[in-house]
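S.K.: Start from the sequences, fold in the hints, and give me the full structure.
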Amino acid sequence: MPANVPSAGVATAPKDNREKMLERAMSRHQYSGDALIEVLHTAQELYGYLSPTLLKTVARKLRLPPSRVLGVASFYHFFSLKPKGEHTFVVCLGTACYVAGALGLVETLERRCAKAGQTSPDGKVSVQTARCIGACGLAPAVIYDGAVMARVTQQTLSGELERIGVQ
Amino acid sequence: MTVEELFESQNEELARQGALENRIYCCTAAGCISCGADGVRHAVADEIERQGLKGKVEVCGTGCLGLCGRGPMVLSSADQQVYGNVTAADAPALVNTTPEARAPLADRAINPDDPFYAKQERVVLSGSGRIDPERLADSIAQGGYQALAKALTEMTPREVIEAVKGSGLRGRGGAGYPTGLKWELVAKQIPERKFVVCNADEGDPGAFMDRSVLEGDPHRVLEGMAIAGYAVGAQQGYIYVRGEYGLAIQRLQTAIKQAERERLLGNRVLDTGFQFRIDLRIGAGAFVCGEETALIASIEGKRGQPRQRPPYPPESGLWGSPTLINNVETFANIPPIVQKGAEWFSSIGIEGSRGTKVFALAGKIKNAGLVEVPMGTPLRTILYEIGGGIPNGSKFKAAQTGGPSGGCIPEQFLDIPVAYESLAKIGSIMGSGGLIVMDDSTCMVDVARFFMEFCMDESCGKCIPCRAGTIQMHDILLRATRGEANEEDLAMLQEMAELLKDTSLCGLGQTAPNPVVSTLKYFPLEYDAHIREHRCPAGHCKFEAVAAAMEGTE
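Heads up: the sequence lines are chains A and B, in that order.
With the working numbering as the guide, the letters of the first sequence map in order to residues 1 to 167.
With the working numbering as the guide, the letters of the second sequence map in order to residues 168 to 721.
Not one of these hints is a red herring.
No farther apart than 30 Å at their CA atoms in a straight line, the calculated lysine-lysine pairs in the DSSO-like style are these:
| # | chain 1 | residue 1 | chain 2 | residue 2 |
| --- | --- | --- | --- | --- |
| 1 | B | K533 | B | K709 |
| 2 | B | K629 | A | K61 |
| 3 | B | K286 | B | K507 |
| 4 | A | K20 | A | K82 |
| 5 | B | K629 | A | K82 |
| 6 | B | K469 | A | K84 |
| 7 | A | K56 | B | K469 |
| 8 | A | K56 | A | K115 |
| 9 | A | K82 | B | K469 |
| 10 | A | K20 | B | K469 |
| 11 | A | K20 | A | K84 |
| 12 | A | K61 | A | K84 |
| 13 | B | K629 | A | K115 |
| 14 | B | K424 | B | K221 |
| 15 | A | K20 | B | K424 |
| 16 | B | K469 | A | K61 |
| 17 | B | K332 | B | K355 |
| 18 | B | K688 | B | K668 |
| 19 | A | K124 | A | K82 |
| 20 | B | K629 | A | K56 |
| 21 | B | K709 | A | K115 |
| 22 | A | K84 | A | K56 |
| 23 | B | K629 | B | K668 |
Label pairs and their in silico Cβ distance ranges:
| # | chain 1 | residue 1 | chain 2 | residue 2 | range |
| --- | --- | --- | --- | --- | --- |
| 24 | A | S74 | B | G185 | 54 to 64 Å |
| 25 | A | K124 | B | K709 | 29 to 39 Å |
| 26 | A | N17 | B | E588 | 53 to 63 Å |
| 27 | A | K124 | B | E718 | 33 to 43 Å |
Keep in mind that the hints were calculated from the coordinates and are not lab data.
Cβ coordinates follow ideal geometry from the N, Cα and C atoms, glycine included.
M.R.: Spelled out as structure tokens, the structure:
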């Protein structure tokens, strides 16, 4: 596993198994409401994002009010309520990366793909920002589909964008 | 595993390692992995195979070797030499130890007398870079779990607490509360069900100390927690770790499984009557969860919002039970204190700040990486001798400690000793250990805006001063960086800073104004330039709107 950071959002398990795997995660925690965050982690890993239907299912099974489930899911940055693009760029905006010019990288991605926190209209690229991924020695760092790119420059970023066919 | 077996297995592993001609430690901390450490490791393994050196030479992964800016780093045990910027092509040179074979690496050998290493004192990081974090035997060979054995067989819980109290250890998470006192508070509580929680929700931007400890030496943290469990009478521990720290999570999971299998955790720890389990709780990206009551709410599966204190967690914490919460680095200090005694520990550091502190050095500095120094080391030594100074001949402007709760330290204070009180006196805090260097190309008004934006985004929204105040302060700072603020705004900024400090519910809001207050105090001329002259001395801020308006009047 690469130094994986926010998940790239690609569903990894085959479709039919996902429900079973989520069920197993919930039963491992005895369907306890205290395990809501663990269950949401698993759900997002399986489905890539947390859809309203998925949140309702979790609420019903853990016997929690839907408001509590949505409240928790929307409170934490890690949970995504919208589907993600084919590729994800997470630009670290920790202090070290900020000092090294990470804002310029965000500007480039926003100009060419999508606003931070959003996905490009063609569903190709999601742009995100992170609050320090702890790779300060490599600033500025960008997580591209789960792998850390170190000392990113405008050139290397443009190179990656061209490689995946972003104009 | 019994205590005797623990010592036996230490001797066995030491003998095994001693029989090797060379053991090559490839740094596989997050920093080095992202610049190709895995490739180096595999190339070395292939080379050992190819030359038929199996059984004589061994390669293993290890924790942070310190100089993250020069990764991938490799340590060769035969000559105790560290190399930086290693590539897979260097594998043949690494496997052989003759000077001829090593020649291609000569220019990348890092001198052990280099101040980067010579000026450090490694207590917390003693195992990092010397053990394979995925092998329990490596940890045991370096004396792992012997402090736990000593505590369980030779000391009463009371004696353990006295040792921690006597050592003068203070919390390494930021606030610096005396650790021994906290332990005593929890031990005193009557309820039988108690918890030990390790706060590994390292959220300060620019801080990666805890991550490195967890990735490089996870067993040390587990051992520290188990000792704490014994001392305060808890049987269950939780590690609350950031979801972003994938590698640390994976290594912790491995370490917990290994320790349970060898009965170093679980029902009958080391064949004594003591039982202690540790579970992981994965955070989901909320800075405020570093606050202890918010962290508790998050472990309970709720939104991470702080609550009014008292009661403090030692009285009423997780599910209403007495709960001991310490930071990763604090727990990592416990085994050496139990093993070597309070006196040894308090001989390091200065009055009021005992022991060492790990710093994550980043920003405009040559040797970016992880360093550990005795408390009281002057800032200048850390930045210029260990850190190697500012690259490209630019000029030092400020050092930032404590992240969004800390302050910016200007040049005139470079000679102060780094300790809890001395940093507080000049308007910063020790914090958890992020140390970011800024040079003359960094605009201090924009730095203040950057941290305020962070606090604004991370405010949980429960109390109004923090929720609304951070937005207002950010708005003023944003306008200042655009040349649209006036002097009234500046007065308002100062007033708001006082208000947030006095009335916010938790530490996040109370300390959010710190970067603003310290930059206003030490860099007033920069604020003046932005507000009166619409000029950014660092050349960072663009005054587009102002420029456009000027053009219109001409």
